[in-house]
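So the protein lines, in turn, are chains A and B.
Its first residue numbered 56, the first sequence is counted upward by one per residue in the numbering used here.
Its first residue numbered 218, the second sequence is counted upward by one per residue in the numbering used here.
Just so you know, the hints here were simulated from the structure itself, not pulled from any lab data.
It cannot be assumed that every hint is accurate.
Subject to a maximum C-alpha distance of 20 Å in a straight line, what follows is the list of computed EDC-like cross-link-like pairs (lysine to aspartate or glutamate) [what the hints assert, rightly or not]:
(1) A:K503 / B:D279
(2) A:K417 / A:D358
(3) A:K344 / B:E369
(4) A:K395 / A:E197
(5) B:K292 / A:D492
(6) A:K144 / A:D191
(7) A:K311 / A:D377
(8) A:K503 / B:D281
(9) A:K395 / B:E369
(10) A:K241 / A:D367
(11) A:K248 / A:D369
(12) B:K292 / B:D281
(13) A:K328 / B:E369
(14) A:K503 / B:D300
(15) A:K395 / A:D405
(16) A:K417 / A:D114
(17) A:K488 / B:D300
(18) A:K444 / A:D377
Source: prediction; values computed, not measured.
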Amino acid sequence: MADMHTMQTLLLDLQAGRISRRDFISRSVALGLSFSAASALLAACGSTGGTTTGAGSKDFTFTTNATTPDEKKVAKGLVDTYMKQSGSKVKVNYVPGSDYPSAVRTYLSSPVAPDALAYYGGLLSQFFIGRGLILDISDIWEKNGWATAFPQAFQATSKGKDGKYYFLPQNWYWWATFYRPSTFRKHNVTPPKTFDELYTVCNKLKADGVVPFVVGAQAPWTLAGWFDILDLRINGPQFHSDLTGGKAHYTDAKVKKVFGIWRDMIKRGYFTKSASAYTWDQQIPPLVKGEGGMYVIGRFIYDSFPADAQADLDFFSFPTYDPAIPTAEEAPVDGYFIPKHAKNQQAAKDFLSYLGSVEGEKLFVTSGGGALSANTQVPSSVYSPFDAKGVEFVKKASAVSQFYDRDTDATVSTRGMAFFGQFFNNPDLDLNKGLSDLDQFAQSIYSKQL
Amino acid sequence: MATTGVQTETPSVPRHKTSAAKRRTKQPFNFTPWLFLAVPLLIYLVWVVEPLFYSFYLSLTDWDGVTNPTFIGLKNYQTLLQDPVLYVSFLNNLKVLSVFLIVPIAGGLGLAVLFNRPSRMINVLKAAIYSPMVLSFIVIGLIWSWFYLPNEGALNTLLRSAGLGFLAQSWLSNAQISIFSVTFAACWRQIGYVMLLYLAGLNTIDASLVEAAKVDGANGWQVFLRIIFPLLAPITTIIVIATIIDSLQFFDLVYIMTKGGPGYASTVLANFMFTEAFTNFRYGYGAAIAVVQFLLSFIFIVFYLTYMLRKGADNL
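Turn these sequences into a full structure, and let the hints steer you where they fit.
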């Protein structure tokens with residue numbers, strides 16, 4: 056019985072025209088398929104015939120997870136401009152963000168796939184890169200000289216284990232502690248720089264009846280943001296990277312220290328009560344109304360802020376715990392890749408070249424992309440003052456991490472985030488047992504990957 | 218059984234049929250019902266039965282949805298039996314069952330007894346109480362989650378304005394009570410349905426029995442307990458079995474209102490399966506959970522079918 060996986064690869068190669076009909080039959084028979092079965096398969100699936108190189112036409116399909124009308128407008132703008140420029144016809148598919156990871160899995164494992172796909176950076180795309188499902192795009196990285204245009208941290212997440220480039224990091228945004236300066240002025244506090252100052256600010260806000268930190272924790276990723284920033288400040292970016300990468304254990308005393316400090320902050324009443332009852336955006340009104348002081352969240356809060364309040368929204372880096380520890384910030388990056396068996400590879404590569412170019416990035420930013428260009432050669436004049444501040448903010452960081460669910464294996468991160476939720480609602484739970492269970496689970500997943 | 222010598226045949230039916238006669242009166246095989254059934258049966262086989270067996274197969278593999286499944290035998294079940302979340306989920310299913318059994322039955326039966334008289338006003342009330350059944354779970358989940366909001370929600374606001382502020386809870390984010398809060402929203406929907414079933418049942422009760430009991434000096438409560446409730450036993454049985462099966466498959470409301478949180482406090486088996494299969498992309502593991510859920514439901518479904526078939530046979 057022919058090995059299914061190899062048969063599938065043969066079929067895909069045949070359809071893309073990478074192998075000839077004769078090759079297909081001889082290889083199928085070598086795998087154990089009977090000659091008649093192989094010819095039947097050949098007839099059924101057809102082929103482009105001959106020994107074409109599978110370059111495909113200039114037209115291609117592009118699938119993106121743009122969900123809101125604004126996001127779709129930006130994507131459409133990019134595609135339309137590219138179509139005019141290059142003369143290609145592009146078929147665009149929009150898949151809602153919540154279904155997107157499953158949809159992409161289906162595309163990558165079926166013979167028919169879009170030519171260009173938007174996707175999240177970090178381990179989320181490394182998952183597919185590691186399984187050999189993504190096309191090597193080192194040639195366009197070289198052609199466009201991107202090695203000098205993109206930050207090292209982004210480049211690292213775009214390469215496979217073999218050092219070749221597979222992913223184009225196109226946009227990124229940052230996480231920080233957001234606040235309304237007017238609220239701070241009203242209560243006579245200024246953005247804290249150290250943990251001691253932080254506690255002072257929180258106590259003052261609390262005394263004045265303002266919730267120091269609002270958080271909507273129904274979906275626990277907001278708590279993952281908290282765990283990340285506390286771990287980065289208390290233990291430093293190297294340990295955080297080791298922990299999320301599976302080299303350090305959740306039972307480490309350093310992790311317990313983070314939870315200890317977090318527990319203290321929870322018990323002091325520094326957070327929204329019953330935070331798990333609220334989605335993240337349900338906690339924006341308290342911030343707008345001045346009932347809440349600060350929100351540890353991503354830049355996207357700006358887009359959800361009421362238009363007349365946006366001018367009075369600012370951010371600062373989470374206070375330092377230990378001056379000896381380098382300050383790291385969280386900056387998740389999103390971008391694009393091409394499935395390995397895409398039909399129109401050259402057309403897709405040209406499109407990616409455009410998306411990553413200064414011109415394409417400029418258009419993305421100015422048409423309301425809601426994020427920053429990963430290409431650092433884009434002049435900072437295209438950014439709004441708010442976003443320009445973000446660029447400087449991340450430039451000052453000594454290290455950049457992606458975010459808990461992109462730095463950690465997907466299965467482990469779901470358990471981890473569920474644990475954060477459990478802990479946040481019941482800070483007195485048996486921490487040792489909880490962390491040991493989580494670590495056991497994580498190690499069982501990591502050991503399978505070795 | 219031997220005859221007693223009395224001939225029972227009528228003139229038109231001879232006592233012994235000749236083999237030719239047998240062949241003539243034997244029914245030809247009727248293709249028509251099978252033709253009608255063919256298409257739905259085919260759809261059923263392809264879309265329900267085959268995926269069922271495929272799930273059994275998947276539960277024996279390790280599959281991430283992208284690469285090919287690798288056969289690992291019963292390892293998923295081994296891991297599952299050591300996974301604390303399995304037991305937390307099953308316990309939550311039991312919690313759902315306890316509330317989902319008692320509240321709709323008590324409430325539905327009480328309302329049915331109350332409303333068991335002709336009256337236009339009461340008909341309006343019956344319709345109003347039944348109306349949540351037409352709402353989808355998504356709608357119910359969304360509206361009840363707003364209702365349960367700790368500060369702005371109607372429930373806590375009402376309690377506070379009535380001076381009962383101490384009763385106000387974080388209904389959905391308190392790990393102890395979140396599953397009960399979710400189940401109560403389901404009960405709100407279910408009560409009308411159970412009430413309707415009992416109203417129909419009450420109509421089948423012979424009024425003379427009730428009158429006879431009253432003549433014997435029974436008060437209202439005794440009439441209910443000794444006459445009415447036992448006579449409603451068949452309906453109660455059906456409701457109980459159907460409720461048990463429903464609570465094992467409980468999913469939608471939990472997913473909308475709490476996503477199984479906080480942590481795993483309100484996760485039920487179906488949510489656990491959904492998270493493992495479709496959020497973590499561990500399809501093999503998710504399939505194993507689904508198989509466990511199936512086996513648990515299967516036990517009760519067999520009870521239900523046996524009961525219905527036996528009852529059906531008794532009625533012949």
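Hint-by-hint comparison with the structure:
{"no.": "1", "hint": "A:K503 / B:D279", "in the structure": "holds, 11 Å"}
{"no.": "2", "hint": "A:K417 / A:D358", "in the structure": "holds, 19 Å"}
{"no.": "3", "hint": "A:K344 / B:E369", "in the structure": "holds, 14 Å"}
{"no.": "4", "hint": "A:K395 / A:E197", "in the structure": "holds, 19 Å"}
{"no.": "5", "hint": "B:K292 / A:D492", "in the structure": "holds, 19 Å"}
{"no.": "6", "hint": "A:K144 / A:D191", "in the structure": "violated, 23 Å"}
{"no.": "7", "hint": "A:K311 / A:D377", "in the structure": "holds, 17 Å"}
{"no.": "8", "hint": "A:K503 / B:D281", "in the structure": "holds, 13 Å"}
{"no.": "9", "hint": "A:K395 / B:E369", "in the structure": "violated, 51 Å"}
{"no.": "10", "hint": "A:K241 / A:D367", "in the structure": "holds, 13 Å"}
{"no.": "11", "hint": "A:K248 / A:D369", "in the structure": "holds, 15 Å"}
{"no.": "12", "hint": "B:K292 / B:D281", "in the structure": "holds, 15 Å"}
{"no.": "13", "hint": "A:K328 / B:E369", "in the structure": "holds, 13 Å"}
{"no.": "14", "hint": "A:K503 / B:D300", "in the structure": "holds, 17 Å"}
{"no.": "15", "hint": "A:K395 / A:D405", "in the structure": "holds, 15 Å"}
{"no.": "16", "hint": "A:K417 / A:D114", "in the structure": "violated, 24 Å"}
{"no.": "17", "hint": "A:K488 / B:D300", "in the structure": "holds, 14 Å"}
{"no.": "18", "hint": "A:K444 / A:D377", "in the structure": "violated, 24 Å"}
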